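S.K.: The listed protein sequences correspond, in order, to chains A and B.
Under our numbering, read the first sequence as residues 9 to 318, first letter to last.
Under our numbering, read the second sequence as residues 3 to 312, first letter to last.
Simulated from the structure, these hints should not be mistaken for laboratory data.
You may find that some hints are simply not true.
[As the list claims (entries may be wrong)] Computed from the model, here is a short list of chain B residues facing chain A with C-beta under 7 Å:
hint	residue
1	41
2	58
3	62
4	167
5	168
6	176
7	180
8	254
9	256
10	305
11	307
12	310
13	311
All of these numbers come straight from a predicted model, not from anything done at the bench.
Virtual Cβ for every residue (Gly too), placed ideally from N, Cα, C.
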Amino acid sequence: MDRAEWVIEIQNLTRRFGRVVAVDGLNLAVRRGEIFGLLGPDGAGKTTTLRLLCGLLAPTSGSARVAGFDTVRQAEAVKRRIGYMPQQFSLYGDLTVLENLVFFADVFEVGRREREERIARLLAFSRLEPFRHRRAAHLSGGMQKKLALACTLIHRPEILFLDEPTTGVDPVSRREFWEILTELHLEGVTLFVTTPYMDEAERCSRVALMLDGRIIACDTPDRIREQVTGHLLELRPARVREAARALEGAPGILEVQVYGDRLHVFVEDLQRGEETVREVLARAGVSVESLRLTRPRMEQAFISLIRRGR
Amino acid sequence: MEAFAVIANGLTKKFGDFTAVDNVSFCIRQGEIFGFLGPNGAGKTTTIRMLLGLLRPTSGTATVLGYDIVRQAEEIRRRVGYMSQRFSLYQDLTVSENLEFYGRTYGVRGERLRERKEFVLRMAGLEGRERELTRNLSGGWKQRLALGVAILHEPQMLFLDEPTAGVDPISRRAFWDLLYELAANGTTIFVTTHYMDEAEHCHTLAFIYGGRIVAQGSPDEVKKTQMRGQVLEVDCSDPERAVLLLRQTGQFDEVALYGSLIHVITQDVEGHRQEIRDRLERAGIAVHCVDWILPSLEDVFISRVRQNQV
Numbered sequence: 009m010d011r012a013e014w015v016i017e018i019q020n021l022t023r024r025f026g027r028v029v030a031v032d033g034l035n036l037a038v039r040r041g042e043i044f045g046l047l048g049p050d051g052a053g054k055t056t057t058l059r060l061l062c063g064l065l066a067p068t069s070g071s072a073r074v075a076g077f078d079t080v081r082q083a084e085a086v087k088r089r090i091g092y093m094p095q096q097f098s099l100y101g102d103l104t105v106l107e108n109l110v111f112f113a114d115v116f117e118v119g120r121r122e123r124e125e126r127i128a129r130l131l132a133f134s135r136l137e138p139f140r141h142r143r144a145a146h147l148s149g150g151m152q153k154k155l156a157l158a159c160t161l162i163h164r165p166e167i168l169f170l171d172e173p174t175t176g177v178d179p180v181s182r183r184e185f186w187e188i189l190t191e192l193h194l195e196g197v198t199l200f201v202t203t204p205y206m207d208e209a210e211r212c213s214r215v216a217l218m219l220d221g222r223i224i225a226c227d228t229p230d231r232i233r234e235q236v237t238g239h240l241l242e243l244r245p246a247r248v249r250e251a252a253r254a255l256e257g258a259p260g261i262l263e264v265q266v267y268g269d270r271l272h273v274f275v276e277d278l279q280r281g282e283e284t285v286r287e288v289l290a291r292a293g294v295s296v297e298s299l300r301l302t303r304p305r306m307e308q309a310f311i312s313l314i315r316r317g318r
Numbered sequence: 003m004e005a006f007a008v009i010a011n012g013l014t015k016k017f018g019d020f021t022a023v024d025n026v027s028f029c030i031r032q033g034e035i036f037g038f039l040g041p042n043g044a045g046k047t048t049t050i051r052m053l054l055g056l057l058r059p060t061s062g063t064a065t066v067l068g069y070d071i072v073r074q075a076e077e078i079r080r081r082v083g084y085m086s087q088r089f090s091l092y093q094d095l096t097v098s099e100n101l102e103f104y105g106r107t108y109g110v111r112g113e114r115l116r117e118r119k120e121f122v123l124r125m126a127g128l129e130g131r132e133r134e135l136t137r138n139l140s141g142g143w144k145q146r147l148a149l150g151v152a153i154l155h156e157p158q159m160l161f162l163d164e165p166t167a168g169v170d171p172i173s174r175r176a177f178w179d180l181l182y183e184l185a186a187n188g189t190t191i192f193v194t195t196h197y198m199d200e201a202e203h204c205h206t207l208a209f210i211y212g213g214r215i216v217a218q219g220s221p222d223e224v225k226k227t228q229m230r231g232q233v234l235e236v237d238c239s240d241p242e243r244a245v246l247l248l249r250q251t252g253q254f255d256e257v258a259l260y261g262s263l264i265h266v267i268t269q270d271v272e273g274h275r276q277e278i279r280d281r282l283e284r285a286g287i288a289v290h291c292v293d294w295i296l297p298s299l300e301d302v303f304i305s306r307v308r309q310n311q312v
């Protein structure tokens, strides 16, 4: 691929806070037009990475180029070409939807003529047109997120950095928010997003799994799922914790994950695995309501890879 | 006779002209995990505040643990634990100091405080981190500490308002494990969440929309009875483009992406199954499968909200 197509290039990027290494020798490249997902447990270093890439934080060592510019020496050029939506986006609660957009247009020096058309488009795009005169503080959580996104887009950034944009948002708003992201994706905007929702991770072109400041896997969601070895059985045992304890370490059983009243069991061999599960549970006196073969989703892959990484 | 931890009857709360909670009735059995779902601003937090006796209903009545929410609020507050959306932990105190502070606030002292602290630290997996400053804990750990604080005085019932917002999948599972354990020991749990996979693990659910309860029952009941239409799940090569194509036909009630899969809501499963396959294949999209599935709770949630919007 043409080198010009890499819009984010990260080399040995490291950031320390005192003795803590928040980001540890990161190497990563993102292509123009990708939806790139950065996943990982709390405290893995995702937000620090975003802040480094947006030029808001200087690396301790290593470097990054975003939209072709160095994030330290050419931070201003980077900022003009990117949009950054942090977890706590500072909207002005006292200002209306429209006033917030005008304010951000001022900050990013969007010209008078362009501004009007741009704001009209963003209002339509974010479905906030009917609420243009409502104060930001009086919008629902989902609408506030959409307004934050609209403000982030006011200067037509080529690359958008979104830090958990849908946290605390209900399913309907979350779906609408991702419909907007999909439109941006189809327009060719590069999206770099962190999320705790694994279904959102599955919508990314590629994802990187981060743990303790390092990337432990980086690939398309399909191939990340394939990295998990074994067949996945889903079952509902009567006493889930007891069942998990009985199954852990049994022959041919690779991994056991508990979720609520369900167990996800990775087995080496499908037929023998299923027999083992039934036998072990029968011996432990735990009845099983349902047992079926299922495909590992991102969630199971995430847990499996993070566990192995630890 | 079955023991109910909560009986709410026609609970209503108005703020001026605005009806935040509109004639809401439900019962929660003792030792049950009750999931309260709904969009932002639907009335979830207002309902919790009424049940805790912090807010007086405009009309209607409710009892919590047998006590009237208006006349016996003190009795209720002594017997319940509450974890709000913003955990009210003291960031400058250590883990241990937060537990001691809240213990004394709830009147837990001396030997009992020592015992309870030990229990909570063990249960939350915070042993060895007693001296860490709360500020330095990552999101998942803060959330466990907040839960620990809420159960320090051995409440018979817990109210949790979006306890897992922004928490990674591994920590969420660990957290739900704790909830299951508490429920198994008889604690009644009232929880709000935007994660539909968590909702799957509640014993009973209520959906609130615009202040009214629009669906109620066990997750299975809700999925089987509250959905208008059937769900076809499509696994294909280019889901983003496929969604747009299927929407353009205007034939389906709803077409949406779930991770990399598409859910199509339809009244005509057999007819549309082939139709979907043909249309996508004609557009050069490879269709791996089109399965008729039980709706996910997210399907039901969105379907209920859409019906009530009209």
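S.K.: So, against the hints stated earlier in the document, which numbers end up violated here?
M.R.: 2, 3, 6, 7, 8, 9, 10, 12, 13
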